[in-house]
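Protein sequences, first through last, are from chains A and B. Under the working numbering, the residue at position 135 of the first sequence is numbered 432, and the numbers go up by one with no gaps. Under the working numbering, the residue at position 221 of the second sequence is numbered 224, and the numbers go up by one with no gaps.
Certain hints may be false.
With a cut-off of at most 16 Å between alpha-carbon atoms, the simulated EDC-like pairs for lysine to aspartate or glutamate come out as follows [to be verified]:
1) K46/B to D175/B
2) K76/B to D725/A
3) K144/B to D207/B
4) K10/B to D725/A
5) K683/A to E430/A
6) K460/A to D175/B
7) K620/A to E726/A
8) K191/B to D126/B
9) K144/B to E346/A
10) K683/A to D578/A
11) K211/B to E197/B
12) K182/B to D204/B
13) K76/B to E304/A
14) K206/B to D150/B
15) K144/B to D209/B
16) K387/A to E459/A
17) K683/A to E609/A
18) K550/A to E9/B
19) K387/A to D306/A
20) K387/A to E486/A
21) K199/B to D118/B
22) K161/B to E486/A
23) K401/A to D306/A
24) K125/B to E346/A
If you're looking for bench data, these hints aren't it; they were derived computationally from the structure. As the structure is a computational prediction, the values presented were derived from the model and not from experiment.
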Amino acid sequence: MENRPLEYDYTIAKLWMFMTIVLGIVGMLIGVILAWELAFPSVNLIAGEGLAEFTNFSRLRPLHTDAVIFGFTVSGIMATWFYVGQRVLKVSMAESKFLMVTAKLQFALYLLAVVAIVGSLLLGITTSKEYAEFEWPIDILIVVIWVLFGIQIFGLIGIRREKSLYISVWYYIATFLGIAMLYLFNNMEVPTALVSGAGAWYHSVSMYAGTNDALVQWWYGHNAVAFGFTVPIVAMIYYFLPKESGQAVYSYKLSLLAFWGLMFVYLWAGGHHLLFSTVPDWMQTMGSVFSVVLILPSWGSAINMLLTMKGEWNQVATNPLIKFMVLASTFYMFSTLEGPIQAIKSVNALAHFTDWIVGHVHDGVLGWVSFMIIAALLHMAPRVYKREIYSKSLMNTQFWIQTLGVVLYFTSMWIAGITQGMMWRAHDEFGNLAYSFIDTVTVLHPYYTIRAVGGTLYFLGMFMWAWNMYKTATAGRRVEESELQSASPMAA
Amino acid sequence: MFHWLEKHPFFFAVAVFVTIAFAGLIENLPNFAEASQPTIGTKPYSTLELAGRHVYIKNSCNACHSQLIRPFKSETDRYGHYSLSGEYAYDRPFLWGSKRTGPDLMRVGNYRTTDWHENHMKDPAAIVPGSIMPAYRWMFKNLADIDTAYAEQVTVNKVFNVPYNKPIPTADGGTATVKLAGSLDGAKADALAEAKMIAADMKDQDVKDMVANGQVPEIVALIAYLNSLK
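Just chain B, with the same shape it has in the complex (with noise of 0.2 Å):
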């Protein structure tokens, strides 16, 4: 049969494409048979976290921070409980990373502040002695992406049903909901009224005149991000 395939090239492309594809499908489509509900308590990102959301991509943290915690000792007790299927239920990229060059970030929103990120993107080793990440300085001039923070939440509430504007379920038995604006300038007024909470807990005086007079500097949105991170 080998020696036949060898003499037919469309035949022996068909018999490699489905060999190959079996492992694909039998692997693959389980998962995606079983849709993923998201964990109680899991909610979409607002706005701002999704801007700050894009700027942790654009700068590619998730080269060097994971997002994932493993479930064992040693990864629960210094980054928290570990990681659960629905928890990435929003997550569109999923963000786990493949190396761990810095901490996991899965839950850094429960043990670091807006401040204490402020002055680590400013200069990491004068918080983290010996740390060998680089300042990301420029976070605090480059203004934030909205349009497209915006763009991203109405594709996902059309395409995927996202829940926005909806109440969702918390962990404290209650609900919540997380807005989606109606339209963009609607979109930007919410991001910003989020922008001047975080602001207000910086020390860079460049930042704050910029949110007090309607910017939003990408280390804004960036901590709004990393403080949903729970």
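Chain A with its partners taken away, still in its complex shape (with noise of 0.2 Å):
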């Protein structure tokens, strides 16, 4: 046998680094039309009245967060699984002729799901159940594409050469299994044209109906965030953070207990969606107990980034992507803290309904998804395409403009939606509600304006990342292969 290093294909990958820069693009755009809708509601007419329907907060909302989750994070995931599996599992691509056919196959239903999706969520056509909108007919497609990704996975461990699978490996495979299984619990549904003859070919009906759906949904919704937001961008640092600082994972110990913690605990704590909800009392404070629990293997994973830079913090002074790393592993931290508080009954009673739930959810995906997954595809891109990054300073700039974003952003929302709950409880000297709703909407106003500018603070670091992906692709200075074993290519 040759003695040279393995020729990695990284023809999969590419596309799905493309697919990953675009949809993110589109999803912030979108999230950033929202964020000026609610300052600003004459935004919604932003292409004028006749196309108001489509332009309109509530249809464009659901298309935000699908495209955010599922376009972006999950094509960041398979960008990364096609990088990252072949370099721990020592195998390429290239090596089996029916894992390229089926990867380009998936690719492409992959593609059209993204276009039935846009069409059918701006006409209207939604089960309404949050991030699980899709009618049946995407539903099988969603499910068949999910199925060519598992052979994917399980196809290249298959035919590995590393007899041991990698930490990152553990947290793909958990996120291949815990989607498929929450997915087709969730989606469970009758469509109604099979059964009756009449009306919309593609209308279905829950399976489950009121509290039962309920449950179903936000064990659904909540674990779509485990198993899209949580479990694969740690696969992620396990690989990228290492591999950039040149520094072993910390603990080999508290990585398993990281993860084998994480996959018990996670699962319990979809209860704290339902707080004071009809959902049975033990089920509740079962969701607020566990949501709790889980700052362990949260924090275990996070610490175990973070000790792994022991000894070797200059590097945060020196290159951009370790500090994109550290803060997004700093960010998972912040943001699993404050779930769980969230999750206290008392804090919930307060907390739920409001903005508080919205800066939340954005300091974990601003913060910890979406700098991991720049991170994560600036690191590939030099590899990927033999060229050093086109400019590091472009890197530097986008850091720091997208922070302070993130921090405009979920500032204001926690104010807003700490004065939204106090407003909406409080009562004068005769027990008489203080405020009317619509006080508590125009007090508002200036945090959302915060918000959006926050927000489009963010996603003008998108475009720059974007730039800078391109232009490495295109004209960064080529790189020598041993180059790329140990430094990190990088311009000045």
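Can you join these two chains into the complex? Each is in its own frame, and there are hints to help.
This is the structure in structure tokens:
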């Protein structure tokens, strides 16, 4: 056998990298429009009265969440899997024709699903369940895409040279299994046209009613966050931070504890979405308690990552990628502390239904998920395209602009949410409600404006990232294989 | 054991799956086993109301409005009696929402009128100064999908035994029956008859003309649904 390094095949990874950037920009653009619509309702008419139906807040909102979750993040998961998978399993995609064909098929079907989803949500074809809005024909398409992803994971594992599975692979496997289970059960529905022979062919009705439907939906909704936003992003940081910094993972035992702890605890926490609702009290309490316990495995991973930088903190000053990843870990810790606090019953009574929850989601997604995906793709670019990063200073600028954006976002939403919650519950000295509902809306205007500014800054950063990625792929200085092995190939 | 699992992907995957599936089984199953009993007075939706519910869903009204009143004084003062599980027995899907950009609507039928909704959907800020809700003028032109509402009624009746055409106990000790027409044409006629009653309370001449011509605009169906929320 020849004694030379493996040539990994990045054909598929490149497709998904492109998709991640495009859908990241689209998803966040819609988010920015939504933020301005809330601050200034006339923005709803951005494309004129005639198209108001399609540019209206209520039509764009599910498109925004789905574009960021299933567009940007899932594409990022795919892009990194098709890169990391080969490298930690020590096998090239090119070695299996079957895997190449199914991977391309998966990508093609994904494109089809994107078109179908954008079209249907704009037309108002939705089941209304958050992050599970798609009607049954699209659900079936998504299941096929997901099965093909499973084939990719286990196919590559099946032909691996490295016997032991690296930590990141554990997390990718969990992502696949978790989403598969949750998606299937939450989307159980009966197509009404098939039963009745009348009505729209794509329409369906949920298998579950009322409280049970809510229970399944939030078991899904909460854990879509788990297996879409937490688990796969942890997979990324376990690979990319040690690689980029040249430091070994701080503790193998801690990573074991964090992984199995997360797997066991996360699913229980879904009940915290239903506090003070009509689900049985013991379920609410379980949701609340397990949410607090969830701090342990979450912080386990985050601390493991931060300790990986032990003795090498000077890298934060010199390498913007390390900056992105360290801040991502920090935001992960922040977000997984904030969540449990919101899940405490007395806090939840105030926070639920308010903008504080929106703030929490966004410091997680913008600070943790997006920063990690951005950093991962910037780490991959020189290795995939064999070119130096186009501009290090652009990366630095992007980092600071986006950080400022996130901070403006979550601080304004904290204030907005707590203000809103306090005003809703305020009574005067006679025991009457102190404020009408509209008072609690108008008072939020300044914070909604600050949020929109923060979101716009973050969005600007996305363009800097896209530009840097594009220029790296096309105009970056060529680098040799040997340079790619150790130091981070970066322009001045 | 963990080292061994890391070298045997199949067993690793099984172990992960069992670990994650465990919580779902324990938390979800008991509630399913205990079938949800409708509260006295809870009725299935009529064809027009269901068509209106579809308009509500189509426009993701649940993105900004909740339908879940929590058991706090401030909420019962503002919205009415707190929510009970059985009140949702016929809600597929549930529409609790997760964010209140606007107020809760679970009992909006108790304190808002057809007239109020009509004006509010046309120009929210004119009715509630400072409102950030956008106008929904296209609902005055688009036609409600009665066919699909009927399809859903037939489906839930067949598959989930939702009691259409059966006497249902009401809060005052009597009974009420929600009709499910035997055919699509019958359902359309029923929906139109109900729409005429709503349109009689409305001001918009175009809407009145459409209903008089046998058409049901989305706004009429939506108002029928909102009025049914009590």
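We went through each hint and held it up to the structure:
no., hint, result
1, K46/B to D175/B, "holds, 14 Å"
2, K76/B to D725/A, "holds, 13 Å"
3, K144/B to D207/B, "holds, 11 Å"
4, K10/B to D725/A, "violated, 65 Å"
5, K683/A to E430/A, "violated, 40 Å"
6, K460/A to D175/B, "violated, 71 Å"
7, K620/A to E726/A, "violated, 52 Å"
8, K191/B to D126/B, "violated, 29 Å"
9, K144/B to E346/A, "holds, 13 Å"
10, K683/A to D578/A, "violated, 57 Å"
11, K211/B to E197/B, "holds, 13 Å"
12, K182/B to D204/B, "violated, 23 Å"
13, K76/B to E304/A, "violated, 67 Å"
14, K206/B to D150/B, "violated, 26 Å"
15, K144/B to D209/B, "holds, 9 Å"
16, K387/A to E459/A, "holds, 6 Å"
17, K683/A to E609/A, "violated, 26 Å"
18, K550/A to E9/B, "holds, 13 Å"
19, K387/A to D306/A, "holds, 12 Å"
20, K387/A to E486/A, "violated, 42 Å"
21, K199/B to D118/B, "holds, 14 Å"
22, K161/B to E486/A, "holds, 14 Å"
23, K401/A to D306/A, "holds, 13 Å"
24, K125/B to E346/A, "holds, 12 Å"
Hints 4, 5, 6, 7, 8, 10, 12, 13, 14, 17 and 20 from the earlier list are contradicted by this structure; the remaining hints agree with it.
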